[in-house]
Amino acid sequence: MEQRSGIRPDTSAEPSTARRLTELFARSQAELLGTLYHLLGNTEDARDALQEAFVKCWRHQAESAGVANLRAWVFRVVLNTGRDLRDSAWRRRRRPLDADRASLPAGEAGPEAEAQRQDEVQRARRAIGQLRAEEQDVFLLRQNGELTYEQIGEMLKIPVGTVKTRMRLALEKLRRALNDDGD
Amino acid sequence: MTLDAATRQRLLELAYETISEAEAAELRQRIASDPEVSAAFAEAQRQAGILASAARLSVEPMAWKPPDAPVPPPKPVPPMLANGPRSNWRLAHWLVGLAAALLAIVSLAGYGYHRQQLAQLASQQLRLFVAGPPRLEGGAPAQFTVVSTGVTGEPVPAQIELTIVTPDERPLWREKDWADKQGRLRSIIPANLTIPRGSRLLVSASHDSRVERIAAPLNVSEPQYRTHLVLDRVQFESGETVYARSVSLSRFAMKADRELGVRFELHDAKGAAVGASVEGLTQHGVGNAALKLPATAPPGDYAVVARSLDRSFAEVRQTLVVGRRSAVEDGKPNGGESAEPPVAAGETIVRFFPEGGELAADLENRVYFTARTAAGQAVKLSGRIVDSAGTEVALVETQRDGMGAFYLRPRPDRQYRLKILEPAGIAALPKLPPVVTEQKIVLSAGTGVFAAGRPLEFNVRAAADGLPLVAAVACWGVVVAQQPLVTSAEAGGANPMEISLPDEIAGVLRLTLFDYSQSPPEPIAERLVYRRPKQQISLRAERLIEPNTANPTSRADESSASASLKDAYQPGERIELSLSARDEQQRPVAAVLGARVAIAEADGGVSLPAGMLLLGSISHPSDLENADFYLAETDEASAALDLLLGTHGWRRFVTGAVADARIGRANAAPADAPLVFDNLIEIRDEYQSSLNAYRIQRSRWLTTLTTLCFFGGLALLLAVAILGLLRVVAGAHLWVSAVGAMLCCAIIGAALVDGHAARGSGDIAVAFAPHRAAAEPSAPQEKNAADDQLGRIEMAKANKGFRRGTGTVESDGDARQLAVDERAEKAVPRAAAGAAPARKVDALADANRSVGRSDARRLSSPSAPPAEVQPRAQRPFEIREYAFEPSDSIDAARTLLWRPLIVLDDKGAAKLAFSLPKVEGRYLIAIDAHGDGRLGSLRAEFRVAPVPKP
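Those protein sequences? They're chains C and S, same order as listed.
Just so it is clear: in the first sequence, position 149 is 149 by the working numbering, and no numbers are missing.
Just so it is clear: in the second sequence, position 349 is 349 by the working numbering, and no numbers are missing.
The set of hints was computed from the structure by calculation and includes no laboratory data.
All values derive from a computational prediction rather than experimental measurement.
Each hint should be verified, as a subset may be incorrect.
[To be verified] Which residues of chain C face chain S? A few of them, derived with a C-beta cut under 7 Å, are:
1) Thr-22
2) Phe-25
3) Ala-30
4) Gly-34
5) Tyr-37
6) Phe-54
7) Ala-124
8) Glu-172
9) Leu-174
10) Arg-175
[To be verified] Reference listing, derived: stretches of chain C covered by chain S, where coverage requires no fewer than 3 residues with Cβ under 8 Å from a Cβ of chain S:
11) 114–121
12) 142–155
The beta carbon of each residue, even a glycine, is placed where N, CA and C say it ideally should be.
This is chain C alone, in the form it adopts within the complex (with noise of 0.2 Å):
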């Protein structure tokens, strides 16, 4: 019988592009939910969204197939779906950042300096969370999608400079929020 309406995704049929997916997703999990977890602020809608947004990215695989920078790719339909259920999910089930403290990765150096790291990464966390929500994107895109300044300007539409402009004003807050002294 002929399929009119669609087909199943064949894996075999484009064993590449659903493995890069799969495996883009399973390598880069903490970068992605670490990027929506910033964006909706708690881990429960920060897994729901990174769920739709892989399931976007499956259904639109066949238009990655011509896509040079996968990673890229990905990183902008989830930061699209995280900013899409940012406006609900923000004021509904915002939850502050010390009750994921349990998700914190863990170092390899002993107890108190372990303690100490962990202590300096709730800061640097609670200090994402406080970055402007422009500001908040452009580091994000950087430090977990691993982008180019170039390719996040592309993808927000603005010019590089500004891309760069923001970066700094994120990392002197950040900065400033991790030496705790003000400076």
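Chain S: place on chain C using the hints.
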């Protein structure tokens, strides 16, 4: 760590590669050479790691399962997307934006060209509008208003030239000036210019290469004079002598610039002459006479009449009563302000006077009203205005002397009545005038009283757009200024107006709005206003103190007259007064005085300023018992004067039609309508022709261009839709550009196709119907005769009203005279409009050819009886003075002093002495002054009574 924050910031930025390569190289060099910087960079990298950890979120690995829903088949990728979506999106936006901009620019350029062509066509036409007085009277400043605009009404600052040429085409007077930013020029022909009959006014306006000319015949007439007549008193006995004094001054400059021949006559109640008349030439404008009442003169009403021997002024008369004593000869002070009229016990007659004349529907009207008893006594009244549905719409209360005003916005389908609350017990509901739906404007003159030297500022509230109106200001029947107005119903219909007047124009002025949408123009609103004189004489009287005089010093002047009224003097005392006259700047002025000291009567005579400034224009001088009070420069006096003038609204003072405003409107002849010349009708046709030619010429290619733009916009819209449907490229920006270009092309195309929508002929300015004066050279003479007749009628009414005010009874003879006068009055407009037989007009024209404007001789009117043609008096009047001496009889003491002519010296000073009788009584010192265009008066009452010695 001693490194500064800026360096640490730069090191962190180095870790994130946000700094330039040059700066990065420098920093790396410092890191390599400086251990402290190296340590700081290590710290920055550590912080970058912290930030990386903070940016990530490490949780247990998620399961990435493919969704169950079918995945849509891969779309064919268009070639333009092969290089990435971003570049194609930009390309599409550029293409659509360029196409939209191109279409919009072409459309706008076409529209701009069209506008420029229209403006050029309009600029080829120069509209010239001229308005001026229908008659130029000698001594009166004549103001012409010239307006230059384009055919669409936009002001054009053209160069205006006005020239008066004599009948032999000799230029007599010329003024050349530029119109202001509003395209207006106000030109005043000097009052002292002698203009021969048959002269013409030529007006030309030039702008760029366009020149428009208008020629207007001028109606000129000789200078006219105002005359004020006063007697030594009102009450007389048979056999007594009546002293009369007249002051004749030029109407506008109010100067005695020429001595006039005056004849005084004494008439009985039937109008028959009693005794011999006295005539002579005035001195300093003053005429005087001593007229002897016969010993057998029966009791009744008499009148002293002053007539001009050369018809330079309208006949004036002053009534007197023989044989009856005034009821208020003693006791009641004269000239008091009766702010609280008595409450009427009987019938109350309420009359309403909408400001301007008629009650206009759906506009806010100010309605003046009077409340009087059947006997004419003022009534204090309050009540409510209710409509036919019983709804209360306004509160009403008299404010002074039975007069008041209220505001009302009437509806066209309602009838309004007054429900009287006080006095109580009045069941009648007086009706307001009917609401006139055809009346589209309301004249609102604010306070109605304007300060000296200030322009008349008023408002024309309009319910309709585009009414061509001319507001004319007339003084003594002579139009002295005018201003055109095209009404606008926007902003609540308010159309503020301001008319500047020469300084010498003062007193009661008639403000009339004429509708020039038709010819002849129709007066549609009118009211009286008052403008205070800029110059005046302040009189001061001080009693000279004799040595060892026991009585205190008496001092009287205008500002402290009331204090003098309470002074009492010993019977038989001799009083010497020092008089001084000052102008408005307190400089001495060599004025001419007339002084009388006589028994105080209820009607003590109107002062010279009140007589000159108020009386000539008030139809019911009985309302002016306190005439001098109205001239006081106080808010109370201004408000009272406004009420007084407001109750003399719609041409009632001219036609006498008081029952129905519409009757007054129908009878009102536009003899005093300003001349209007407007070439708009001619240039409008020319403009229409050129506009049509332009449309035909431009239609071929401009319509093609418009059509191409329209379909181009449509094609662009279609292209965007197709791109979106094919998923090639889509976005709101594309649609905004395409729809914007499409709308722009459609609107501009529609405007270009329909010229009316783009400033075509629909925007041509409103035209004023031309109005010209009677063409016959003799028309002014006819008009002057009519005016004189009208002046006599007004004066007759004035004196009749005065007699009513004193409570005396009219005689049958006067009533008949008035009836005759009113018949003559009805004939006045026709005569003025040139309706007299042509033969008579020709005869007057022949007679007038040798009469210049400077020649003061007046020709007789065809309607005037031949007996009224009098030779000019050759000799000045003999000055008849009188001073009471204590040895005279008691009756003779009713007049203590009569000095009709006192000429002050350069210091403005003179002395006056008189003796008091030996009987008690209340007396009035009345002094009038005039000089150099100024008027003044002094009134002071005193009592003769024994003063108890301390």
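### Agreement of hint Leu-174(C) with chain S interface, Cβ distance less than 7 Å
6 Å, holds
### Query
Hey, does the Gly-34(C) contact hint survive, CB to chain S under 7 Å?
4 Å, holds
### Task
Report holds or violated for the interface hint on Phe-54(C), using the least CB-CB distance to chain S and a cut-off of 7 Å.
6 Å, holds
### Message
Take the shortest C-beta to C-beta distance between Phe-25(C) and chain S; is it under 7 Å?
### Response
Since chain S brings a Cβ to about 5 Å from Phe-25(C), closer than 7 Å, the hint holds.
### Claimed coverage, the stretch 114–121 of chain C by chain S - three or more beta carbons nearer than 8 Å
holds (count 3)
### Query
Against chain S, with CB atoms and a cut of 7 Å, does the hint on Arg-175(C) hold up?
5 Å, holds
### Given hint Ala-30(C) near chain S, where the shortest CB pair must fall under 7 Å
4 Å, holds
### Task
Grab the minimum C-beta distance from Thr-22(C) to chain S and call the hint holds if it beats 7 Å, violated otherwise.
Given a least distance of 5 Å, the restraint on Thr-22(C) holds.
#### Entry: Proximity test - 8 Å, beta-carbon atoms, the stretch 142–155 of chain C to chain S, at least three hits
holds (count 5)
### Message
Please check whether Ala-124(C) passes as an interface residue: C-beta within 7 Å of a C-beta belonging to chain S.
### Response
4 Å, holds
### Message
Does Tyr-37(C) hold up as a contact with chain S if the rule is Cβ-Cβ below 7 Å?
### Response
5 Å, holds
### Query
Quick one, is the Glu-172(C) hint okay against chain S at 7 Å, beta carbons?
6 Å, holds
When each numbered hint is compared with the structure, no violation occurs for any of them.
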